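Please build the complete structure, drawing on both the sequences and the hints.
In the order they appear, the protein sequences are chains A and B. In terms of the numbering used here, the first sequence is numbered consecutively and its last residue is 369. In terms of the numbering used here, the second sequence is numbered consecutively and its last residue is 494.
Just so you know, the hints here were simulated from the structure itself, not pulled from any lab data. Any given hint might turn out to be false.
Unchecked claim - Partial pick of chain A residues on the chain B-facing surface, computed with a CB cut under 10 Å: (1) Asp323; (2) Trp343; (3) Ala345.
These numbers were taken from a predicted model, which means no experiment stands behind them. All C-beta atoms in this analysis are idealised placements derived from N, C-alpha and C, irrespective of residue type, glycine included.
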Amino acid sequence: MTTSSSSLVTVPRFFLLVAGLPLAILAVLGACGAREGIDVVMTGSGSRALLGAAWVATWLAAVIASPIAAGAALVSFGLRRWRGR
Amino acid sequence: MNKLLQGLLSLVVSSCVVLPTLHVALRPSPARYVRSPDGPPEMARELAAAQVAAWDDGQRDVARQVNPEWDLGHHTFLALGLTNLAIDATPALRETYRAKVDAVVAEVRARPQQHFHLAYFDGAFRDRRGRSLFVDGEVLLMLAGRLAVWPDPARHAELAGLAKDVVGEMSAGPVLMGESYPNECWMYDNTLALAALAVTGHVLGHAVEGAEALTQRWLAGAARLTDPHTGLLVASTTWDGGTLDGPEGSSAFAVAHFLELVDAKMAREQYERAKERLVVRPLGFAYAHEWPDPALWGKDPLPVRAGMPDVDSGPVIPLVHAGAGASGMAVLGATAFHDDALVAELVTSMELAAFPERKNGALRFRATNGLGDAVLLYAMAQGPLWRLVRAGKATS
Chain A
285 MTTSSSSLVT VPRFFLLVAG LPLAILAVLG ACGAREGIDV VMTGSGSRAL
335 LGAAWVATWL AAVIASPIAA GAALVSFGLR RWRGR
Chain B
99 MNKLLQGLLS LVVSSCVVLP TLHVALRPSP ARYVRSPDGP PEMARELAAA
149 QVAAWDDGQR DVARQVNPEW DLGHHTFLAL GLTNLAIDAT PALRETYRAK
199 VDAVVAEVRA RPQQHFHLAY FDGAFRDRRG RSLFVDGEVL LMLAGRLAVW
249 PDPARHAELA GLAKDVVGEM SAGPVLMGES YPNECWMYDN TLALAALAVT
299 GHVLGHAVEG AEALTQRWLA GAARLTDPHT GLLVASTTWD GGTLDGPEGS
349 SAFAVAHFLE LVDAKMAREQ YERAKERLVV RPLGFAYAHE WPDPALWGKD
399 PLPVRAGMPD VDSGPVIPLV HAGAGASGMA VLGATAFHDD ALVAELVTSM
449 ELAAFPERKN GALRFRATNG LGDAVLLYAM AQGPLWRLVR AGKATS
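And the structure:
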């Protein structure tokens, strides 16, 4: 029972981690000034373009994947509660 | 229920809720992108503020090393955007915009035509004049717009002279398509030139000599410049009318807008066809393809340069085939034809993927360059000048 219960808990935790990861990376990239590199992604090359591309990819992940993962955490938590009744 | 099954079920349920509602979180209020009876949308003013400040700082930000044509496009859309905004502006702002428009036009006219072209401009034109309709048409439209909003009869002779050149360049071609490069005629440039002649006629108070006949003949022959598989005008032809580039998103929406002053019915048809063939609208977002689906050609051969990204198309995002140039021009088409639902979806996509940066009432999009911002400024500001011309009344 203990094993089953703790294994259920890991699913929402996993999704919360997935939801938070892009936000954390975004914060780090922001501190590195990666957002300033977006301008050169379209036409440039070099370290600024690389940072800018990383910002674009992480931003899209944060906007699209993070809410889905957060929602999945909520759903899996609900499932756990439902299973626990 | 094992962990994997629970995880998958959670993911599916969450995706079914989040993906269809994501656009709600990103969509700005309609006041930001829809013109009200009182004036232009907020985005137009914010984009203008950023671009006027950039101009004053000497920034042109158009990556001339990639494509010098962007430099002219930036100048033209900036001038036309400010010209449209001036019609509803306060007297002080109106004067500021006039000074900027004059500076933009003067800067273009101070340059040789080659300055705004790729290297292959230096070839042998079929027309003995050897001039670019790209440059001559855009200069004419900028100056005619300027004189429509800030009348100055002393400059009418200068305007009429430019218009005469444009009529000559188009009339010389066997299919009435003027060249912008040697043996290369662009639909964008030719329809823009026809619109410029209409604005010029409004300013002068009479049609430019030869312009009405040219326009009627051009419209009568438009069918031979139309791709039969899509019903869209092709993007470029040889001087003799052979198709080089088939329909393109970076051209089709602007062409429809320019045709509004020439043949409103044809313009609307071109816009609707471009929307049908090029626009994709997933989950409350929208973007445009650069090229129509090749399947429309069936077993017929595709246009000579089909599916070849170039400096006009801008980058095309793989997998979804979203064209940066096509999507920007789709905003112009949607605003010009009052397609508010599509404008909303395109603007929502820009909030997601064009990286807007707002500072002190000024707006720019980091994922584009000066030309992209200028196109969006014009898309949001356009309307008043075209209405002025259609109503046939002068402002003072």
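Do the hints match the structure? See the list:
The interface hint given for Asp323 of chain A holds, since its Cβ lies 6 Å from the closest Cβ of chain B, which is under the 10 Å cut-off. Here the hint on Trp343 of chain A is kept, as its CB sits about 8 Å from the closest CB of chain B, short of 10 Å. Nearest Cβ of chain B to the Cβ of Ala345 of chain A: about 12 Å, over the 10 Å cut. The hint is violated.
Checked against the numbered hints listed earlier, the structure breaks hint 3 alone; every other hint is satisfied.
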